[in-house]
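Participant: For chain C, the structure is supplied; the task is to place chain V on it using the hints.
Chain residues, written in single-letter form:
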Amino acid sequence: MMLTRRRLAALAAATPFAAHAQPAGWDGIAARARGQAVAFHAWAGDERTNAFIAWTAERVQTLHGITLRHVRLRDTGEAVARVVAERAAGRDTGGAVDLVWINGPNFLALKQQGFLMRFAEGLPSFALVDAAGKPATVTDFTVPVEGFAAPWRMAQIVFLHDGARQPSPPRTMRAMAGWAAANRGRLAHPTARNFLGATFLKQALHELAPDPAVLQQPATDAAFSAAAVPLWAWYDGLRPNLWRGGRQFPENGPATRNLLSDGEIDLMVSFNPAEAATGIATGLLPATVRAYVLDGGTIGNASFVAIPTNASAPDGAQVVADFLLSPEAQARSQDAAVLGNPTVLDLARLAPADRARFDALPQVPGMLTPAELGHPLPEPHPSWMTRITAAWEQRTSA
Amino acid sequence: MKRFTVGVRGRTSTVLGPEQGGFNGTGSSQAGEQDPLTPTLSRRERERGRAIPVALAVGVVLLPVGAGLLATLLPAFGLLPALGGRAFSLEPWRVLFAQPGLAASVRVTLVAGLGATVLSLAAVALFCAAAHASRPFRWAQAAVAPILATPHVALAIGVLALAAPSGIAARLFSPWATGWRQPPDLTTVGDGWGVSLMLGLALKEAPYLLLMLVAALNGVPTARLLAVAAGLGQPAPVAWLKVVFPAAYRQLRLPVLAVLAYALSAVDVALLLGPSSPPPLSVLVVRWFFDPDLARVFPAAAAACLLLVLTAAAVAAWLAAERAAGAAGRWWASSGRTGGAGLIRLGGWMLPTLLGAAVLSLVVAALWSVAGPWRFPDALPARLDGAAWAAQVAGMAAPFRTTLGAALASTGLALVLSVAALEAAARHGPAARPRWLGLVYVPLLAPQLGFLFGVQVALLWLGLDGGWAALVWAHLVLVLPYVLLSLQGPWAALDPRLVRVAACLGASPNLVLLRVKLPVLLRPVLAAAAVGVAVSAGQYLATLFAGGGRMATLATEAVTLASGGDRRVLGVYAVAQAGVPLLFYAVALAVPRLVWRRRAALRGA
Numbered sequence: 001m002m003l004t005r006r007r008l009a010a011l012a013a014a015t016p017f018a019a020h021a022q023p024a025g026w027d028g029i030a031a032r033a034r035g036q037a038v039a040f041h042a043w044a045g046d047e048r049t050n051a052f053i054a055w056t057a058e059r060v061q062t063l064h065g066i067t068l069r070h071v072r073l074r075d076t077g078e079a080v081a082r083v084v085a086e087r088a089a090g091r092d093t094g095g096a097v098d099l100v101w102i103n104g105p106n107f108l109a110l111k112q113q114g115f116l117m118r119f120a121e122g123l124p125s126f127a128l129v130d131a132a133g134k135p136a137t138v139t140d141f142t143v144p145v146e147g148f149a150a151p152w153r154m155a156q157i158v159f160l161h162d163g164a165r166q167p168s169p170p171r172t173m174r175a176m177a178g179w180a181a182a183n184r185g186r187l188a189h190p191t192a193r194n195f196l197g198a199t200f201l202k203q204a205l206h207e208l209a210p211d212p213a214v215l216q217q218p219a220t221d222a223a224f225s226a227a228a229v230p231l232w233a234w235y236d237g238l239r240p241n242l243w244r245g246g247r248q249f250p251e252n253g254p255a256t257r258n259l260l261s262d263g264e265i266d267l268m269v270s271f272n273p274a275e276a277a278t279g280i281a282t283g284l285l286p287a288t289v290r291a292y293v294l295d296g297g298t299i300g301n302a303s304f305v306a307i308p309t310n311a312s313a314p315d316g317a318q319v320v321a322d323f324l325l326s327p328e329a330q331a332r333s334q335d336a337a338v339l340g341n342p343t344v345l346d347l348a349r350l351a352p353a354d355r356a357r358f359d360a361l362p363q364v365p366g367m368l369t370p371a372e373l374g375h376p377l378p379e380p381h382p383s384w385m386t387r388i389t390a391a392w393e394q395r396t397s398a
Numbered sequence: 001m002k003r004f005t006v007g008v009r010g011r012t013s014t015v016l017g018p019e020q021g022g023f024n025g026t027g028s029s030q031a032g033e034q035d036p037l038t039p040t041l042s043r044r045e046r047e048r049g050r051a052i053p054v055a056l057a058v059g060v061v062l063l064p065v066g067a068g069l070l071a072t073l074l075p076a077f078g079l080l081p082a083l084g085g086r087a088f089s090l091e092p093w094r095v096l097f098a099q100p101g102l103a104a105s106v107r108v109t110l111v112a113g114l115g116a117t118v119l120s121l122a123a124v125a126l127f128c129a130a131a132h133a134s135r136p137f138r139w140a141q142a143a144v145a146p147i148l149a150t151p152h153v154a155l156a157i158g159v160l161a162l163a164a165p166s167g168i169a170a171r172l173f174s175p176w177a178t179g180w181r182q183p184p185d186l187t188t189v190g191d192g193w194g195v196s197l198m199l200g201l202a203l204k205e206a207p208y209l210l211l212m213l214v215a216a217l218n219g220v221p222t223a224r225l226l227a228v229a230a231g232l233g234q235p236a237p238v239a240w241l242k243v244v245f246p247a248a249y250r251q252l253r254l255p256v257l258a259v260l261a262y263a264l265s266a267v268d269v270a271l272l273l274g275p276s277s278p279p280p281l282s283v284l285v286v287r288w289f290f291d292p293d294l295a296r297v298f299p300a301a302a303a304a305c306l307l308l309v310l311t312a313a314a315v316a317a318w319l320a321a322e323r324a325a326g327a328a329g330r331w332w333a334s335s336g337r338t339g340g341a342g343l344i345r346l347g348g349w350m351l352p353t354l355l356g357a358a359v360l361s362l363v364v365a366a367l368w369s370v371a372g373p374w375r376f377p378d379a380l381p382a383r384l385d386g387a388a389w390a391a392q393v394a395g396m397a398a399p400f401r402t403t404l405g406a407a408l409a410s411t412g413l414a415l416v417l418s419v420a421a422l423e424a425a426a427r428h429g430p431a432a433r434p435r436w437l438g439l440v441y442v443p444l445l446a447p448q449l450g451f452l453f454g455v456q457v458a459l460l461w462l463g464l465d466g467g468w469a470a471l472v473w474a475h476l477v478l479v480l481p482y483v484l485l486s487l488q489g490p491w492a493a494l495d496p497r498l499v500r501v502a503a504c505l506g507a508s509p510n511l512v513l514l515r516v517k518l519p520v521l522l523r524p525v526l527a528a529a530a531v532g533v534a535v536s537a538g539q540y541l542a543t544l545f546a547g548g549g550r551m552a553t554l555a556t557e558a559v560t561l562a563s564g565g566d567r568r569v570l571g572v573y574a575v576a577q578a579g580v581p582l583l584f585y586a587v588a589l590a591v592p593r594l595v596w597r598r599r600a601a602l603r604g605a
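Line by line, the protein sequences are chains C and V.
Just so you know, my numbering puts the end of the first sequence at 398, numbered straight through with nothing missing.
Just so you know, my numbering puts the end of the second sequence at 605, numbered straight through with nothing missing.
Just chain C, same shape as in the assembly (with noise of 0.2 Å):
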């Protein structure tokens, strides 16, 4: 449904976290944005989100007159730590962190401590959000994002393999134990601190939990024990048969990826569906690395961009964030040369010219067709994240 101005003028003013800003609609967000300078706090693991972040700045420079600065971090955890200390400081406006890339229980930390500005319904490229086929674009891990966070990119987890090594991959992660028993040391997964080894076992523990649908409630004591006990007797199995046995971990996805193109490892996870397709075509991975789905289909979900309600730049960083939404940055976003990302828009309701951007992208080799992406399986509520990364460290430090 489409946003009137007089809707959205009384969703800025219900806002309790709007309090400055004055009913005056998108135009006046718009010109008291201009000459703002937003600081966009993202992980900077990846090179080719650090580029595509880089081409947005251009971008909002040229088209809105901000200064779009990118925070590299670590680990989001950092901005959240930022924010949430700030807040216990006392600072309420001014503070270092005007947009941050989150998802996750990163995203739930803040949101439940109120820490976030409800802006995302009020974007004028919001409208165009796919929100019924793509239900991650507004329920992130089974938390409703009610406006707190705005959509950007869509994610699923995928499997690559080089072709030529390994032509016969495991198609479910049961097998996987067995194939890694028979291959060791050639399969890796990220450390369970970072966020795309801990969705490897949340992608084990949807395919062996005795009853996936306790997934989408939050986690208790007894529940977690009950679903995990599957879990923990496959990974036993699994794990002297990884990469370095099982003692070392890579730290991230890139890191991953890295031994896949030295030929250190032949199989790995991504949440890249067009991660194949982007490595060749950048010449990061061999040219007969190939992506799949698993059987029964794979974890996806949504990447949000949040607005603390103590941001110094708040109007900048609402323009930033419908630019992000904007059919040009995702048409570019959805370019395999360039990150490869799925969007997060539905394309029946653009207008033909931006339809036509993303008919004129390039097919390249390696990458997935929606077809065989499938339906992704829903994220389980952030609890179970937590608790599998706190578990996982446990049994790997002893």
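It is worth saying that the hints were derived from the structure and are not from the lab.
Source: prediction; values computed, not measured.
You may find that some hints are simply not true.
[Stated by the list, open to error] Computed footprint of chain V on chain C, listed as stretches where at least three residues anywhere in the stretch have a Cβ under 8 Å from a Cβ of chain V: (1) 49 to 61; (2) 64 to 73; (3) 318 to 328.
Glycine is no exception: its CB is placed at the ideal position from the N, C-alpha and C atoms.
Facilitator: Chain V alone, transformed into the frame defined by chain C:
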């Protein structure tokens, strides 16, 4: 007591004869001379004014360190009102000791810290014993300068490119010698005992100790001692170890302890080369401090306190081991044995190996920055490609400016403070309280994590974090000790007759400083500035904590990208980060040659 009354330009003053002269520097027994002219002020005014420069230098350093240590100690016992900690509690310690793998973390920290120090010292001592005053010795000294200029993070990136299973070391011998067509499944970097971390630290610390040992040898009558020992039938390497090394070690103790303190608490190198699970204690502290669950700050403070305790224990253990080693050495020296020269010569190869590995690391990192596709097991990239530089230059501009600005500001301030303190000590002797200057070296011995953590908490409390002032001050705390260390020797060794002649020609003490002392000491001052810039460019923790996440320097960016980044991008950052201090070293070498091209003695002063 001889006194002379001198009348110059209508002023009379008393000049003390040489028998009464001599201030005591900072505890060393060098005899200096007081300046012959002192203005006539009341005694109290004179006393108070003279101590200001030293007090300022000490205050600038001790205030953050002291406040930081306090602000780390209090949260460790649950006291941090801003985060809801209002009651004394041992809960943080309970959480810390419940952490699985804490024993392994402590083990890794101690192995890497003590091991790196022992390895560096042994390598340097054996090398000097085997090769003193020969050509390889001079080559080693020349190779030391670029390695010293390279920040720790850049060197660690090079070590990754060298020693990882897919690194250049394996590639050079594959597949013809090893038969590997894909990288072997060996844990060479990030092993569970911290050996790779130890070697990575030793790569940077050994050149530093070599430099300090060479400086210490200046005060030892090496030739005479060796001649006597040779006369008693000791081969040269054995004689050096038995006779010269103990004499030089006295001057070397402070740098060795500084190396030990750094190696135990280094975070940037540990993040790159250390194991990730269980991590070294310093990495654990940083991880917990930046955890989104703010309650983790308390166990993080407890872990930082544990690190402080470990450092103190390690220093105490080192001093005890010194005594034991001293007793063993005296027994060895007085036993009349002459064996061991062969072993010493063999051990002398450790340092050249370390230096060679360090240089190779840097070269490989630079090569990665301009490499096109480079698959294992090729020893050289398929083609050279400037794409990585082109892509990174725009993003590097802001961190580069911040790095340069912080380095210049902190080094400039450190130079001003050091010169003022040293000059005051030279002019006024004990009245300027020169013994306090020893306190400036406290940041070298206290583990950085112990007080930087508290500095961050204190800055957040006061609302001062994230600004240029906090960043420059944090860098200054760590740059000032090194600059002072570099300037002290040359300042005291300056020929006092130059000052005396200038004074007799009517120059005021300030004019003497500007027109005589500083120009003559141009080379040491620029060398001290280069050291300061190198230290500042390598600061990771100080920027992370004092910058509050707003200020990014090349060091923080490199560590952020190092965990998984493309090796080409890492190579670009390593070269850029090393470039800043290397540039200053080149300037420090070239400018005196240029300015004093017609004064040979000043060029080599």
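Participant: Okay, the region 318 to 328 of chain C and chain V, do three or more residues pass the C-beta test at under 8 Å?
Facilitator: violated (count 0)
Participant: The region 64 to 73 of chain C covered by chain V? Criterion: 3 or more residues, Cβ-Cβ distance below 8 Å.
Facilitator: holds (count 5)
Participant: Can you take a look at whether the region 49 to 61 of chain C is actually covered by chain V? Rule is 3+ residues, C-beta closer than 8 Å.
Facilitator: It holds: at least three residues are needed, and the region 49 to 61 of chain C offers 3 whose Cβ sits within less than 8 Å of chain V.
The structure does not agree with numbered hint 3 stated previously, though it agrees with all others.
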